[in-house]
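Enquirer: The primary structure of each chain is shown beneath.
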Amino acid sequence: MELYELTVHQLSDLIKEKKVSAVEITKSYLDRIEKIDSKVGSYLSVLGEDAVKRATEVQEKIDKGEAKSPLSGIPVALKDNICTEGIKTTCASKMLHNFIPPYNATVSKKLLDDDAVIIGKLNMDEFAMGGSTENSYFKSARNPWDLERVPGGSSGGSAAAVAANLTAFALGSDTGGSIRQPASFCGVVGMKPTYGAVSRFGLVAFASSLDQIGPLTKDVTDCAIVLNCITGHDPMDSTSANVEYPDYTKALVNDVKGLKIGIPKEYMGEGLNPEVRKAVLDAVEVLKKLGAQCEEFSLPLTEYAIPAYYLISSAEASSNLARYDGIKYGYRAEKFTDLLDLYKQSRSEGFGTEVKRRIMLGTYALSSGYYDAYYKKALQVRTLIKQGFDEAFEKYDVILGPTAPTTAYKLGEKVNNPLEMYLGDIYTVSVNIAGLPGLVVPCGFDGNGLPIGLQLIGKAFDESTLLRVGFTFEQNTDYNKKARI
Amino acid sequence: MKITKETIEHVANLARLNLTEEEKATLVSDMEQIISYVDKLNELDTSNVKPTDHVIPISNVFREDKAEPSFPREKILANAPSSEDGCFKVPKIVE
Numbered sequence: 001m002e003l004y005e006l007t008v009h010q011l012s013d014l015i016k017e018k019k020v021s022a023v024e025i026t027k028s029y030l031d032r033i034e035k036i037d038s039k040v041g042s043y044l045s046v047l048g049e050d051a052v053k054r055a056t057e058v059q060e061k062i063d064k065g066e067a068k069s070p071l072s073g074i075p076v077a078l079k080d081n082i083c084t085e086g087i088k089t090t091c092a093s094k095m096l097h098n099f100i101p102p103y104n105a106t107v108s109k110k111l112l113d114d115d116a117v118i119i120g121k122l123n124m125d126e127f128a129m130g131g132s133t134e135n136s137y138f139k140s141a142r143n144p145w146d147l148e149r150v151p152g153g154s155s156g157g158s159a160a161a162v163a164a165n166l167t168a169f170a171l172g173s174d175t176g177g178s179i180r181q182p183a184s185f186c187g188v189v190g191m192k193p194t195y196g197a198v199s200r201f202g203l204v205a206f207a208s209s210l211d212q213i214g215p216l217t218k219d220v221t222d223c224a225i226v227l228n229c230i231t232g233h234d235p236m237d238s239t240s241a242n243v244e245y246p247d248y249t250k251a252l253v254n255d256v257k258g259l260k261i262g263i264p265k266e267y268m269g270e271g272l273n274p275e276v277r278k279a280v281l282d283a284v285e286v287l288k289k290l291g292a293q294c295e296e297f298s299l300p301l302t303e304y305a306i307p308a309y310y311l312i313s314s315a316e317a318s319s320n321l322a323r324y325d326g327i328k329y330g331y332r333a334e335k336f337t338d339l340l341d342l343y344k345q346s347r348s349e350g351f352g353t354e355v356k357r358r359i360m361l362g363t364y365a366l367s368s369g370y371y372d373a374y375y376k377k378a379l380q381v382r383t384l385i386k387q388g389f390d391e392a393f394e395k396y397d398v399i400l401g402p403t404a405p406t407t408a409y410k411l412g413e414k415v416n417n418p419l420e421m422y423l424g425d426i427y428t429v430s431v432n433i434a435g436l437p438g439l440v441v442p443c444g445f446d447g448n449g450l451p452i453g454l455q456l457i458g459k460a461f462d463e464s465t466l467l468r469v470g471f472t473f474e475q476n477t478d479y480n481k482k483a484r485i
Numbered sequence: 001m002k003i004t005k006e007t008i009e010h011v012a013n014l015a016r017l018n019l020t021e022e023e024k025a026t027l028v029s030d031m032e033q034i035i036s037y038v039d040k041l042n043e044l045d046t047s048n049v050k051p052t053d054h055v056i057p058i059s060n061v062f063r064e065d066k067a068e069p070s071f072p073r074e075k076i077l078a079n080a081p082s083s084e085d086g087c088f089k090v091p092k093i094v095e
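Residue numbers (the numbering used here), protein chains in the order written: chain A, 1 to 485; chain B, 1 to 95.
These are computed hints drawn from the structure, not numbers from a lab. There could be a bad hint or two in this list.
Listed next, the in silico BS3-like pairs over lysine-lysine satisfying Cα-Cα at most 25 Å (straight line) [claimed, not checked]:
1) K278/A <-> K482/A
2) K265/A <-> K278/A
3) K109/A <-> K66/B
4) K24/B <-> K335/A
5) K278/A <-> K410/A
6) K414/A <-> K24/B
7) K386/A <-> K40/B
8) K40/B <-> K376/A
9) K89/B <-> K335/A
10) K265/A <-> K40/B
11) K88/A <-> K75/B
12) K89/B <-> K88/A
13) K94/A <-> K89/B
14) K328/A <-> K75/B
15) K257/A <-> K395/A
16) K278/A <-> K481/A
17) K89/B <-> K328/A
18) K289/A <-> K260/A
19) K75/B <-> K109/A
20) K481/A <-> K410/A
21) K459/A <-> K50/B
22) K92/B <-> K335/A
23) K50/B <-> K376/A
24) K88/A <-> K27/A
25) K328/A <-> K92/B
26) K50/B <-> K386/A
27) K53/A <-> K64/A
28) K94/A <-> K328/A
29) K39/A <-> K139/A
30) K94/A <-> K75/B
31) K395/A <-> K265/A
32) K260/A <-> K395/A
33) K414/A <-> K40/B
34) K250/A <-> K459/A
35) K94/A <-> K24/B
36) K75/B <-> K53/A
37) K2/B <-> K376/A
38) K61/A <-> K18/A
In this text the structure is predicted, and so the values were computed from the model without any measurement.
Looking at chain A on its own, in the form it has when it is part of the complex:
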């Protein structure tokens, strides 16, 4: 087996046993990136020599007994909307094509403090707006299982890199499903933590009340290890939750006996691809055989989650993206007549179509005369959606369902139909609206060999139960495979 095929925990064991060095592992991934990433398009920047230099420094620390974290010496790649000091961070946009952050995001700093080795920045939909990574200014990313198909989005580069063994693990961000949907399309493990569990300081903001950074990993054990690193209260993020964070690796227990799992019937009805439905129902049977109590229930507000989501996220995005004015950083137009025109030209030339569309929608929803009818209404519906989940969690420990209505579709198929693209988020957006944690694990493949992901939704700050169910499912099935590329 090649080093690049191993998981974080396997590599960590080898490092501790002094069987392999951080430099060998880093070089293994860098060589593979050079060989195949031109086909996948998952990386926007690769650190090359700098990564090897850093791996050498980390190895020296390991040799002295100073680097003992389970992530020490392990290569990681970050979605390109997470600030890394001195390393270009573009958000896959012309607007930030040459932006070099003067600071590290809190998660970047935590990874560095744990002596992980950052090897590159990953492709995404521009400013995290999209579900296919086709909205990247630079290039589309492709699904390693079928290069003519999308990896999903907006963390498409992150999911593709993990699926193709181009990194040991990755970080992505999830505002409406952007970690979970690509994880499902690419057959990897992906988690959106509870809102507030992972600091947003240094995450380029899209929708401040919905965004969360989370791991994409090769298995559930790795997911727990990464969560231990990135969660935690952060005084630099005023929305960061000041609660106790457990050791998530303690949740990796092969046992779901007595667990109450609810399956929303609205998630399993019309619009769901029959092969995806079958894979999810088969997963339910597996969990039932292992002692979980599974039953269907109704989550009646499901159909209102998408309109609420698009209003809330676009409104917040229009506000967050107002900072891109060509003055202090980012793209500035070359020709303009006066200050107002400088703003307008820079923004019009710097932003892509989908970004402009959402800014327009958000600005409209917040504008005088429309604020109550649209934005405020969406926030009221948000209250109702959250209440729906709170009521469900009085009966159930975990809510289970599909992640996306289909498997990966072909590039170009949906990019010109924004509403159709938005409807693909039906199972993921309500989780962001309610601020709950969501875990996706592979649960099958369709007739074309494309991965299907099972989504598990938990109570706020109960990532541990999700990890336990995910780990149990993984230990008792054989869907955890990597793309043959």
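Dock chain B against the given chain A, drawing on the hints supplied.
Expert: Then chain B, alone, in the frame of chain A:
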């Protein structure tokens, strides 16, 4: 709600965007479609419902008002599209 070209031009100005005629036409149709879809929310009775803008009940997260060194100037100017004499260079604003 009917979205017209005037609506688009007004919103584009608020959003500080210059749109081509083609972009305006596409946006009229896209926004029309999206806005009539989100009108679905009116099926729900929200008359006594409080809006939720943040899911965690946190408020007033302050830090001590202590002065600390800020970023070095060169770091801040490093990403500037145009700078001179330690300042960001911008077009003339005041006549």
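Enquirer: Run every hint past the structure and note whether it holds.
Expert: Cross-check of the supplied hints:
Using a Cα cut-off of 25 Å, the hinted pair K278/A and K482/A holds, with the two alpha carbons roughly 22 Å apart. As the CA atoms of K265/A and K278/A are separated by approximately 14 Å, the hinted pair is consistent with the 25 Å bound. Distance restraint check for K109/A and K66/B: the Cα-Cα separation of roughly 23 Å lies within the 25 Å cut-off, and the hinted pair is therefore satisfied. Using a Cα cut-off of 25 Å, the hinted pair K24/B and K335/A holds, with the two alpha carbons roughly 21 Å apart.
Between K278/A and K410/A the alpha-carbon distance is near 22 Å, which keeps this suggested pair within the 25 Å criterion. The suggested pairing of K414/A with K24/B holds, with an alpha-carbon distance near 21 Å, which does not exceed 25 Å. Using a Cα cut-off of 25 Å, the hinted pair K386/A and K40/B holds, with the two alpha carbons roughly 18 Å apart. A threshold of 25 Å between alpha carbons decides the hint, and for K40/B with K376/A the separation of about 14 Å falls inside it, so the pair holds.
For a cut-off of 25 Å, the pair hint linking K89/B to K335/A stands: about 15 Å separates their Cα positions. Distance restraint check for K265/A and K40/B: the Cα-Cα separation of roughly 20 Å lies within the 25 Å cut-off, and the hinted pair is therefore satisfied. Restraint check for K88/A and K75/B: the C-alpha separation of about 14 Å stays at or below 25 Å, so the hint holds. In summary, the hint linking K89/B to K88/A is supported, as the alpha carbons are separated by about 23 Å, within the 25 Å threshold.
Between the alpha carbons of K94/A and K89/B the distance comes to roughly 21 Å, so the proposed pair stays at or under 25 Å and holds. For the given pair, K328/A sits about 11 Å from K75/B by alpha-carbon distance, which is consistent with the 25 Å threshold. With a C-alpha separation of about 16 Å, the suggested pairing of K257/A with K395/A holds against the 25 Å cut-off. A C-alpha spacing of about 19 Å is found between K278/A and K481/A, which places the hinted pair at or below 25 Å, so the restraint holds.
At roughly 9 Å between alpha-carbon atoms, K89/B and K328/A fall within 25 Å of each other, so this suggested pair holds. For a cut-off of 25 Å, the pair hint linking K289/A to K260/A stands: about 13 Å separates their Cα positions. For the proposed pair K75/B and K109/A, the alpha carbon gap of about 18 Å is at most 25 Å, so the pair holds. For the hint linking K481/A to K410/A, the alpha-carbon distance of about 21 Å falls within 25 Å, and the restraint holds.
Taking the CA atoms of K459/A and K50/B, the gap is about 22 Å. The hint holds against a cut of 25 Å. With a CA separation close to 15 Å, the supplied pair K92/B and K335/A stays within the 25 Å bound. A hinted pair counts as satisfied when its Cα atoms are at most 25 Å apart, and K50/B with K376/A qualifies at roughly 9 Å. Of the supplied pair hints, the one linking K88/A and K27/A holds, its CA atoms being roughly 21 Å apart against a limit of 25 Å.
For the hint linking K328/A to K92/B, the alpha-carbon distance of about 16 Å falls within 25 Å, and the restraint holds. Restraint check for K50/B and K386/A: the C-alpha separation of about 12 Å stays at or below 25 Å, so the hint holds. Between the alpha carbons of K53/A and K64/A the distance comes to roughly 17 Å, so the proposed pair stays at or under 25 Å and holds. Taking the CA atoms of K94/A and K328/A, the gap is near 15 Å; set against the 25 Å cutoff, the hint holds.
Note on K39/A and K139/A: the hinted pairing holds, with a Cα-Cα distance of about 11 Å set against a maximum of 25 Å. For the hint pairing K94/A with K75/B, the CA-to-CA distance comes to about 21 Å; that is within 25 Å, so the pair holds. With a C-alpha separation of about 15 Å, the suggested pairing of K395/A with K265/A holds against the 25 Å cut-off. The suggested pairing of K260/A with K395/A holds, with an alpha-carbon distance near 8 Å, which does not exceed 25 Å.
Restraint check: the Cα-Cα separation between K414/A and K40/B comes to about 23 Å, which is no more than 25 Å; the hinted pair holds. Under the criterion of a C-alpha separation no larger than 25 Å, the hint pairing K250/A with K459/A is consistent with the structure, at around 18 Å. Between K94/A and K24/B the CA atoms are separated by roughly 21 Å; this keeps the pair inside 25 Å, and the hint holds. About 24 Å separates the Cα atoms of K75/B and K53/A, which keeps this hinted pair within 25 Å; it holds.
Only pairs whose Cα atoms come within 25 Å are accepted, and K2/B paired with K376/A is accepted, the gap being roughly 20 Å. As the CA atoms of K61/A and K18/A are separated by approximately 13 Å, the hinted pair is consistent with the 25 Å bound.
Checked against the numbered hints given earlier, the structure satisfies every one of them.
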